[in-house]
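Novice: In case you want the letters, here they are:
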Amino acid sequence: MKTNRLNANLLISLALMCFITLSSFPVKGETIHEERSKYRDITVTQVKNRRCLLFNVHRGDRNQTCVLIDDPDRLVFDYTRMSFAGLLLEPEPERILIIGLGGGSIPLTFSDLLPNTRIDVVEIDEAVVNVAKEFFFFRETENMKVTIDDGRPFIKRAAIRNETYDYIVLDAFSGDYIPEHMLTREFLEEVKRILSPNGVLVANTFSTSRLYDHESVTYQRVFNEFYNFRLQTSGNRIIITQLGSLPPRGELVAEARRIAKSLEKYGIPVLDYPRRLSTRVDWDMSRRILTDQYSPGNLLRDK
Amino acid sequence: MSKSRSQLLPRNVVACVAFISGFCIMTIEMLGARILSPYFGGSLSVWGSIITIFMVALAMGYLIGGRLSTQNPNAVTFAIFFIGAAVFSLPVILFADAIMEPIFLTIEDPRYGSLFASIFLFFIPTSILGMISPYSVRLMVETHEHSGHMAGLLYFISTIGSAAGTLGTSFYFVLWFEVNQILWSAVVALIATGCIILLIGYAQTAKSVKQTRHYENKQA
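Protein sequences, first through last, are from chains A and B. Going left to right, the first sequence walks through residues 0 to 302 as numbering that gives the first Met the number 0 numbers them. Going left to right, the second sequence walks through residues 0 to 219 as numbering that gives the first Met the number 0 numbers them.
Here chain B stands alone, though its shape is the one from the complex (with noise of 0.2 Å):
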């Protein structure tokens, strides 16, 4: 039973989606300074909110991701996570002057400007992506002797990727293409990821039902 739940997704495929997971956090975290300095400038602090509620969002999202994991963990859930972290990240690219302005014309003070512009286009889709990380540990873990190894390894290929994402962003992506073309290159990245693993998971778990019933019926 417990062979047949950690074949839900091969061990390469989650680690390839959480290297992937982490590019695109980062990726839309380097050009959140970007999106944020036509309203409230490029000082330090405009960094700070940034920063701080992408700290905040992963957080919330370690949190409920890793209670999500434990009950039933499937690739669908696991697929979803992906899926809605680009769909919620569209505002970013749709609304973002609708949703700053009348943050702008609100607050004066350009820190919480900023904080409260970055709660509204970042804080939904960071923690959609902070649920991806312990979700994959459950499903890279088969017993608990390996859980410390699954998560340093996870940890260790998500954050190569956020490295990956952040070196990309802001030493070429920004020189080649707008920042709308990036940000819709990584919410397309992460919708196909979603369906890649949902098809992954469906074969896996068509193999095992067909183990399941060769095993059956080799018993009878």
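Just chain A, same shape as in the assembly (with noise of 0.2 Å):
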């Protein structure tokens, strides 16, 4: 009788362990898919309507991506919306190329907006494409396609083949990892290369650490001037440049009045966006630029 009492009490004690370690773990809400991919272990989650795709979820990362299953137009994270800020600068591209896949959000939503657009998709990791098909309501279409492939071999060669595009994502630097080749100044004169005259890139880098100041002084060695796009409420900064010098103020405000409108469904609140546009260089502008030869990012993160 006793060691039964002793038992469920230390049956109770384990339960009320178990139960404090799961609260304090960063997921909450029901794992519906776990696979252990090439690069990475990917976690799908979903709590009530909202489903999330998460990388290395024992590393306490974030989501990635997460989708609203009852109203999947609708954009989720205020990175994903401030991707396209770039429109106000090219509103009308005829092709896209995006790095970096995720949950495939931000190609689902150009091909929405832009369905006779070409979109080609870059990523690295099959297992990710097949999961934002099955959990996230990604396809591929006639005009979007996606390549298994690194984002730098990619573009090298579509330079090489004189390829442009008018709008340029890269969005391969969310997660764990950072791929350092995809940082540095011999990168981003590539980039420049596969810039078609009035395309812009648009990249979702980092805000904060070191590796902001030093990612800050190779974009602007090698575009000059750019807008540095932050939002309070989101931990992302994306950089959005062109070829040439900026467009006005003036003229941003007038194009996005002129397509709020139609990304009103998405939930990307455009009309708030050219005010946050800011060119004031607020790094540290005596840190080395990242090179070919010197590109230690994921060091320079921990700083």
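Calculated from the structure, these hints are not laboratory results. Note that this is a predicted model, so its numbers are computed, not measured. Treat the hints with caution; some may be incorrect.
[As the list claims (entries may be wrong)] DEER-style ranges, computed between Cβ atoms:
#: 1; chain 1: A; residue 1: Arg274; chain 2: B; residue 2: Gly47; range: 46 to 52 Å
#: 2; chain 1: A; residue 1: Arg257; chain 2: B; residue 2: Asp96; range: 41 to 47 Å
#: 3; chain 1: A; residue 1: Asn55; chain 2: B; residue 2: Glu107; range: 49 to 55 Å
#: 4; chain 1: A; residue 1: Val280; chain 2: B; residue 2: Cys194; range: 47 to 53 Å
#: 5; chain 1: A; residue 1: Met284; chain 2: B; residue 2: Thr51; range: 29 to 35 Å
#: 6; chain 1: A; residue 1: Phe136; chain 2: B; residue 2: Phe155; range: 53 to 59 Å
#: 7; chain 1: A; residue 1: Thr290; chain 2: B; residue 2: Glu141; range: 49 to 55 Å
#: 8; chain 1: A; residue 1: Thr290; chain 2: B; residue 2: Ile63; range: 33 to 39 Å
#: 9; chain 1: A; residue 1: Asp69; chain 2: B; residue 2: Trp46; range: 39 to 45 Å
#: 10; chain 1: B; residue 1: Trp175; chain 2: A; residue 2: Glu33; range: 36 to 42 Å
#: 11; chain 1: B; residue 1: Leu89; chain 2: A; residue 2: Val280; range: 38 to 44 Å
#: 12; chain 1: A; residue 1: Ile159; chain 2: B; residue 2: Ala58; range: 35 to 41 Å
A virtual CB, placed ideally from N, CA and C, is assigned to each residue, including glycine.
Now that you have both chains on their own, put them together as the hints suggest.
Specialist: Structure below.
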């Protein structure tokens, strides 16, 4: 009898410990899919109508992407919405290149918004493509194709074939490991080569750590100037730039008014964007630029 | 006779240079991914190519170095390994783009592209560095009973050197220096080591010749 009581107590405390550990875990909600790919652990969770994709959960990673399954058009994250701010500079891109698929919400939105535009998506991890298709409504279409490849060689080959894009989204940096070869001056020069004369580059990058400074001086060296786009509610910083000089703010406001309606259903508050695009230098300009010779991104991030 | 041969190089010198060679091998290997990534990306297969080629090159080096050690082992040959490895590492610094570009253009698949690039960039210097280990064993061994002990000691030292090279490069050097600066340092270290071996080897021979003469004089 006594041992039973003891066992019961033990069980209760064990259960309590489990509960405490679980509740302090970053993921809440039900895991509906788990997979270990060549590059990362992929987890799909769902709370009510909100389904999220996470990489490397055990290392405390944030959500990569989330969708509302009863309203999949609506973009859930600020940074995803912010990636469309480039439309203020190039409202009618004919060819779009997206490096890094994630849950696929950026390409899906482009494809829905501009059905006649050719969209190339490059994703290094085939497993991510399959998960995006199975759980996040992503699908390839006549005009939207996914290539399994590393972004850098893909862009190098596109440059050799003299291909150009009007809208390039670099979204390869979210997650646990930074591809250091896509932070360098040489890489940005290659991106420049495939950017059409009026094309726009939108890069989802880092807003904290020393990497912010290093990356800013590198972009500045290659593009002279760029819009620094940050929102208080988002940990991301979006860099928006193009080959020539940046347009005056008045033009951006006019463009925002023109396209606001079409972006409404995705929840993109584009009218609010022009005044948030800053060209103010708020980084340490004495930092070394990142090159193929010097690019310790993963070490700098922790500083 | 066997005594004088064993003194071609003092043991602690052989141990030191084995450490340096292990260090340099892993320094170059760790930088390999950095060198290849602009052309072939940072995928797992690029690392796979590099490690494969280093392993095969080292295997060839062990085989050849072991064979060479049976034919009149001497300090000059030993020094040539270091200087040769340094010289054949120079293309990695000077012509990396010229070597990788045509491979990138001809081979679409990044797996085989990175494999061929690794062969052309790293195979020869790495196999020369591989010759150092078995040759060092020969230089340290006096008697047969000793050979296992000495081989173990040498593997210990050169592998610790490799560990230090890996850690130093991936934790610190890439944060402080450019890739080519690190490679130049490895080249200079290897050449300096080769020269030191030549000097010590020369001094040792002079000493042993003197000793032999002294002995002969006494005999007479």
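Novice: So which of those numbered hints doesn't the model satisfy?
Specialist: 3, 5
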